[in-house]
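Position chain F against the provided structure of chain H, taking the given hints into account.
Chains H and F supply the protein sequences, listed in that same order. Numbering follows numbering that gives the first Met the number 0, with no gaps: position 336 of the first sequence is 335. Numbering follows numbering that gives the first Met the number 0, with no gaps: position 437 of the second sequence is 436.
Calculated directly from the structure, the hints in this document are not laboratory data. All clues stand as given, with none of them false.
Some chain H residues judged to face chain F by a derived CB distance under 8 Å, without partners named:
#, residue
1, 232
2, 311
3, 318
4, 370
No residue lacks a Cβ here, since even glycine has one placed at the ideal position from N, Cα and C.
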Amino acid sequence: MSDITKQSLSELVENIKGKKLSSSEVTKAFVERSEKSKELNAYITEDYANALNKAKKFDEKPNLDLKLPGIPMAVKDLFCTRDLRTTAGSKILNNFVPTYESTVTQNIWNEGAILMGKLNCDEFAMGSSNETSFFGNVQNPIDKNLVPGGSSGGSSSAVAAQLTPITIGTDTGGSIRQPASFTGTVGLKPTYGSCSRYGIVAFASSLDQAGPMAQNVKDCALLQEVISTYDEKDSTSIDFKRNEYSKELTKDIKGKKIGIPKEYRVDGMPKEIEDLWKKGIEYAEDCGAEIIDISLPHTNYALPTYYIVAPAEASSNLARYDGVKYGFRAEGENLIDMYEKTRSEGFGAEVQRRIMIGTYVLSSGYYDAYYLKAQKVRKLIKNDFDDAFKKVDAILTPSTPSSAFKIGEKTNDPVSMYLNDIFTVPVNLAGLPGISIPAGHDAKGYPLGLQIIGKAFDEQNILNIAYAMEEKINFKNNITDWWIK
Amino acid sequence: MSKNKSQYLINRHDNQYEVVIGLEVHAQVTSESKLFSTSATKFGAEPNTQVSLVDAAFPGMLPVINEYCVKQAIKTGIGLKAKINKRSVFDRKNYFYADLPQGYQISQFKDPIVGEGKVILDMPDGQKEVGIERLHLEQDAGKSIHDLDPKNTFVDLNRSGVALMEIVSKPDLRSPDEVNAYVKKLRSIMRYLGTCDGNMQEGSLRADVNVSVRKKGSKEFGTRCEIKNVNSIKFMQMAIEYEANRQVDLIEEGQTIDQETRLFDTKKNETRSMRSKEDAHDYRYFPDPDLLPLEVSDDFIENLKSEIPELPDEKKKRFIEKFKLSPYEANILVSDIETSNYFENVIKKSDVKLATNWIIGELFAALNEKNLEITESPISAGNLSKLINLIKDGIISGKIAKTVFEQMMEGDKDPQKIVEEKGLKQESDPKALEALIDKVIDDNRDKATEYKSGKVKLFGFFVGQVMKVSGGKANPQLVNEILKKKL
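Bound-form chain H, shown alone (with noise of 0.2 Å):
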């Protein structure tokens, strides 16, 4: 089978199932397109010669029961992987190599995935554009010099530009739906409490959440049932009653409410947005759900209220790469000079920004004025979505406020780089899931999403929705290979 890397991750796992394939033979085939892909620049850390190992080993005693059996799988560089390199897309943890395992790859790993590699994404998870990167930037394979979003900037390029049949990413304020709806690819971002943190490199506790990248929502679906589980080693890990989301996935939304909010009707937004939403209502109806006018009346302030939020969390969060204990040590002549000259060239321009931020608004005599003041607007924005919630099942909303941007275009104007998460930011304020899925082009033929959100824990619904929708919008991503020579 000459297009193994074509086929979605459900038909991958059929084929395998059926004997028709064997993990062997679908492992090098991804991993023969990600060497042919290394001008995407989608890995910061390869492992194939294990992975191809592990495929064997899985051949030779294939356990066909479980859910990813002998499936490859490339996952963000933020991931903690035992004896594999993590990184975070940073040079403070260039070296870094960690002796356990995140709680969300073991999951994908005990249900038969084997790890191809680690994903470039911006450092920390801190950038819209996987330029923040101590790795360099990744190419989006929609065309050259188009970011890929981000943070989770290589895991979409990876999804869209098929070396790996599916991903996982981090969403703080958008990591995940923002990149999919750039690449044309699907990113669900859980309720928070869904997926454990444990092992996962933070940047903001209150707002990290991992969630499934891939190339249609049935994969997505079953990615998410395998790696959403209670865990005891992450104290905001929430012990609810999770769905099998693939098994239970429906194209059957007749009669949902979906509501749409008149504040993500923002100024200046392009006409191409606006009409990409008026067409996705449109679907929506198609497929009959019931479209309800809604308010979420505090949406202006999610984006200042995150950037307080966000940044505080992480200077505090980032304060362990010191230097001391693992990562990169600068010498110095006595302590304070060693942290200084190591976090200063350990830390990129971006990470550095947000920890001056975070550390001024935690600041006394600040605190009051910022930190607490974003806790009180954050708990509005929830409340905004619960009131919404006892009217419509679910939101629709863009993903984004414009398409892939080119690389370079927004480097030296962070401000304008912050907007792109105007859309994605409030629903990781409220801790809510949401699902950005492919849903139309822009006039230069670079995708745009349409993002879903539900209510919490009710990710099985929103599933759904981007199911029936997914099919009526027949999205078909246009890449060609022009990276391959």
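Using the frame of chain H, we list chain F on its own:
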């Protein structure tokens, strides 16, 4: 509260100054594992052998609260007669140091687990109540070792993450003696509860001491200085004396006191400035997003209440009422749970009065001499009880008992056996005693004559001779009676 006559005041010229002291005691929670990880907490282990990935703050590692430590803190709160907060919050206290792997200490800032309580002190001139402001749970840091290498500092993370209770008193203490009594009482309560072993040598109990002075009669507090991390009661007292006098001198010289953090130099017996208020750390406290607020139910607290043993104050009351002990005796016997247990075991089968005297007198002196704790006593409570019964039953005299006691201190032997083996049993047979006495009178005819002619003082001489001849075994009461008749 009694107005005490022996008030601790510092006199300078015509002014009298009162010292105001508040303590922040850091008490290590007795627990097999750390506050947020499963690593062991054993004292004296090889460096860095009790360190988990969480304690060393590896990427992606998360804290998980140790329920046992929460129970210990609540029990301590109950012991301090304090308000237990059903909802408390863990905050991050951010600062950089080599032995603080996370770059922050997880502590409780705004919402501690225990609120206001009190401790009663028994001072020579009456009881004194000291208010407890709060008790909160926090992690200990690791240890930086600067003296093993001329250029490098070594870090031992065994302590990193160990659970501490910070117990903050109100500024109610007024003298080094009160501080002594307060720390001892706190320690005693926690040892009764089994929530902190109070071992100061091992660093299980240390304190930051806040000291200020004010003119006698003034209602305003003076500017305070905080003396960090003092690890013995003696040093606390020395530090307070030095610091209070330093502050008084400054005031007398017309200078102002800077609010600052100071260190106590135990070798030079002085406090030194560590950092001023301007240089104080901005700890950027905020709720730890890795941990949910800690919520405990009424049932949870009630269950713990049912596990609280009789505490020193109640025990003291019972000892006085039930055993008719003096307050002084009761205080000594209840000050330490091990001592009171020992006492209660001894009196199970023997006389209370004798037991009290023997424990407070002979036993304490002997243990002190050998530098032993009551738990290490070579004489078990059971054997001391037997010894007391031998005295009570007139089988041995108090004097012989001391000899037996000394032998028992050398190894835990049954006193009965010692008495039998060495033939120390008291001679109470009148016939045998008469024979003895006859011989003594015979041997001292001249003295007997003198006695009869009115030199009654010589009676003591005859008693002494009889005791000497009997090897101390003669029953003194009987000797007296018979001698009187015979002479």
